[in-house]
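K.L.:
Residue numbers (this note's numbering), protein chains in the order written: chain D, 1136 to 1364; chain F, 1136 to 1364.
Everything labelled a hint here was simulated from the structure, so no lab data went into it.
There may be inaccurate statements among the hints.
Each pair may be met inside one copy or between any two copies, as identical chains are not told apart.
To be verified - Simulated pairs of lysine-lysine, DSBU-like, Cα-Cα distance not exceeding 35 Å:
no. : residue 1 : residue 2
1   : Lys1219   : Lys1294
2   : Lys1358   : Lys1294
3   : Lys1261   : Lys1358
4   : Lys1261   : Lys1357
5   : Lys1358   : Lys1137
6   : Lys1310   : Lys1162
7   : Lys1357   : Lys1319
8   : Lys1357   : Lys1219
9   : Lys1314   : Lys1137
10  : Lys1357   : Lys1302
11  : Lys1280   : Lys1137
12  : Lys1261   : Lys1280
13  : Lys1320   : Lys1137
14  : Lys1137   : Lys1310
15  : Lys1280   : Lys1162
16  : Lys1310   : Lys1358
17  : Lys1320   : Lys1261
18  : Lys1328   : Lys1310
19  : Lys1278   : Lys1335
20  : Lys1319   : Lys1261
21  : Lys1357   : Lys1280
22  : Lys1137   : Lys1357
23  : Lys1137   : Lys1319
Number of protein chains: 2
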Amino acid sequence: MKHSYDYPRPALTVDCVIFGLDDSDLKVILIERGIDPFEGMWAIPGGFVSPGESIDDAAARELREETGLTNVYLEQLYTFGAPKRDPREHIVSVAYYALVNLTEHKLHATTDARSTAWFSINDIPKLAFDHNNIFEMALARLKGKLRYQPIGFELLPRKFTLTQLQKMHETILEKPMDKRNFRKKILSFGFLKDLNQIQKGVAHRAARLYSFDERAYRRMQKKGVHFEI
Amino acid sequence: MKHSYDYPRPALTVDCVIFGLDDSDLKVILIERGIDPFEGMWAIPGGFVSPGESIDDAAARELREETGLTNVYLEQLYTFGAPKRDPREHIVSVAYYALVNLTEHKLHATTDARSTAWFSINDIPKLAFDHNNIFEMALARLKGKLRYQPIGFELLPRKFTLTQLQKMHETILEKPMDKRNFRKKILSFGFLKDLNQIQKGVAHRAARLYSFDERAYRRMQKKGVHFEI
DNA sequence: CCAAAAGTGTTTCACGTACACCCATGC
DNA sequence: GCATGGGTGTACGTGAAACACTTTTGG
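All chains, please: the whole structure from these sequences, using the hints.
P.N.:
As structure tokens, this is what we get:
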């Protein structure tokens, strides 16, 4: 069945850069393309937007299909609309990025024939389409936003230690931080809840566990307090 | 003539929030709609994207049609894709915002039948579609970015005084600043070029004129210096 | 000479940064 | 008892913020 319109339209897709933190290594999901164009190359997961489906929903659907996850952090990144970005025809793509926590969720093995894999962000191959651009922009956004928005917690387990939190910042921002200063600062914001629990099964002194207190964060926000690490 | 595709597609438009600074008053261009839906209401200028036209070009075209201007600051803002945002059908809109300098450019009187007007941002009526959302997001982006990116100069004449620069910041950020501290800080960055010229025809002591030195700014950027007002 | 805006330094306080040692636990 | 990471305080310097008067010019 054909679908007809009075004027021609570009096609519309969403692409979703899915970040995960795996024991202090930042990774993204890539998919090996099984069909032309760019058959055999790796690409960021994505798909077409259906009329009647919001683009946010389309991105969430894409994420669910790749990971089985719902309710994860998902944010629109940028829209890529150069006419030649897809060799077949003009396809405009709205890119999103997602932050998932690899340690708590067992991810689906992908069910269809395509092969899917996590790649360390330091080891990204040449990708199909303009997907290297999309990836670079997603990473830049993550780095930029991490410093003044509490999005990093999305990459960690719900209960985490201050050392895990610091390692995450160091990994993503690619610079070492001073342990005492980091703790002083992050605790001073008041949005970390001390759970009065400690790690179990570690071969050294067990660390205290914290969680992100969204309530407290919102209260801080409303007072107009500017948080920055 | 009809255009047919194997799968249905949402339509794609660009909308362009055009900001101008008029003697310390921040304004945007709105257009009165002549046709349904929302006939008679004000809206942000926009139009459909043709296949083969990049979305950036479509936004630039829209801007040119409304103002006659090219080569002005234009940045992609966000893509709005809720299926019900247009009552007719699913229309996805990529929003942009532009910064133009009202004092140097005489703007076209609009040539077609639609009426076009500058509205002060403190006096925006209820707009068609979800355009109030788009406007609010554009304003928030402008406010946020002004503090750490040299975009404010786009709103001023090429040669400006430090007082004009300060007033612009005060207007957009909606808070008063200390004259001495402002000057000390902005000059310390080193990206303002003292033109060794002074104002003419003012009924008081004439101020020195400066221009934004993009070269110097890029040099500063490359050294990794973080600028913030 | 008066009105109006330009231009200019110093003090104070908060916060960022640098830095080293003892503690608890499992093996 | 030893290896491993957890946890803590202080001194110093930089930069933000507060603050008022003199200068220049046109009318």
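K.L.:
Give a verdict on every hint.
P.N.:
Checked hints:
1. Within a single copy, Lys1219 and Lys1294 get their C-alpha atoms no closer than 46 Å, and across copies no closer than 39 Å, so neither meets the 35 Å cut-off.
2. With identical chains, the CA atoms of Lys1358 and Lys1294 are at most 35 Å apart within one copy only, with a shortest distance of 26 Å there and 38 Å across copies.
3. In this assembly of identical chains, the alpha carbons of Lys1261 and Lys1358 lie at most 35 Å apart only when taken from different copies (28 Å versus 45 Å within one copy).
4. Taking identical chains as interchangeable, the C-alpha atoms of Lys1261 and Lys1357 lie at most 35 Å apart only when they sit on different chains, with a minimum of 26 Å there against 44 Å within one chain.
5. For a Cα distance limit of 35 Å, the shortest separation of Lys1358 from Lys1137 qualifies neither inside one copy, at 55 Å, nor across copies, at 56 Å.
6. Proximity of Lys1310 and Lys1162 under a CA criterion of 35 Å is satisfied intra-copy only: 17 Å inside one chain copy versus 42 Å between copies.
7. With identical chains, the CA atoms of Lys1357 and Lys1319 are at most 35 Å apart both within one copy (22 Å) and between copies (31 Å).
8. For a Cα distance limit of 35 Å, the shortest separation of Lys1357 from Lys1219 across copies, 31 Å, qualifies, whereas the shortest one inside one copy, 45 Å, does not.
9. When the C-alpha separation of Lys1314 and Lys1137 is checked against a cutoff of 35 Å, the pair qualifies neither within a copy, at 62 Å, nor between copies, at 65 Å.
10. Taking CA atoms no more than 35 Å apart as the test, Lys1357 paired with Lys1302 passes in both settings, with 29 Å inside one copy and 27 Å between copies.
11. Neither within a single protomer nor between protomers do Lys1280 and Lys1137 lie at most 35 Å apart by alpha-carbon distance, with minima of 43 Å and 45 Å respectively.
12. In this assembly of identical chains, Lys1261 and Lys1280 lie within 35 Å of each other by CA distance both inside one copy and across copies; the values are 26 Å within and 32 Å between.
13. In this homomeric assembly, Lys1320 and Lys1137 never come within 35 Å of each other (Cα to Cα): the closest approach is 59 Å inside a single copy and 62 Å across copies.
14. For a Cα distance limit of 35 Å, the shortest separation of Lys1137 from Lys1310 qualifies neither inside one copy, at 54 Å, nor across copies, at 56 Å.
15. Taking the shortest alpha-carbon separations for Lys1280 and Lys1162, both the intra-copy value of 17 Å and the inter-copy value of 29 Å come in at or below 35 Å.
16. Taking CA atoms no more than 35 Å apart as the test, Lys1310 paired with Lys1358 passes in both settings, with 30 Å inside one copy and 16 Å between copies.
17. Within a single copy, Lys1320 and Lys1261 get their C-alpha atoms no closer than 39 Å, and across copies no closer than 43 Å, so neither meets the 35 Å cut-off.
18. Proximity of Lys1328 and Lys1310 under a CA criterion of 35 Å is satisfied in both settings, with 26 Å inside one chain copy and 34 Å between copies.
19. Proximity of Lys1278 and Lys1335 under a CA criterion of 35 Å is satisfied intra-copy only: 31 Å inside one chain copy versus 46 Å between copies.
20. In this assembly of identical chains, the alpha carbons of Lys1319 and Lys1261 never lie at most 35 Å apart, being 41 Å within a copy and 46 Å across copies at closest.
21. Taking the shortest alpha-carbon separations for Lys1357 and Lys1280, both the intra-copy value of 19 Å and the inter-copy value of 20 Å come in at or below 35 Å.
22. Proximity of Lys1137 to Lys1357 under the C-alpha cut-off of 35 Å is found in neither arrangement, the shortest distances being 51 Å within a copy and 52 Å between copies.
23. Neither within a single protomer nor between protomers do Lys1137 and Lys1319 lie at most 35 Å apart by alpha-carbon distance, with minima of 62 Å and 65 Å respectively.
Hint violations for this structure: numbers 1, 5, 9, 11, 13, 14, 17, 20, 22, 23, all remaining hints satisfied.
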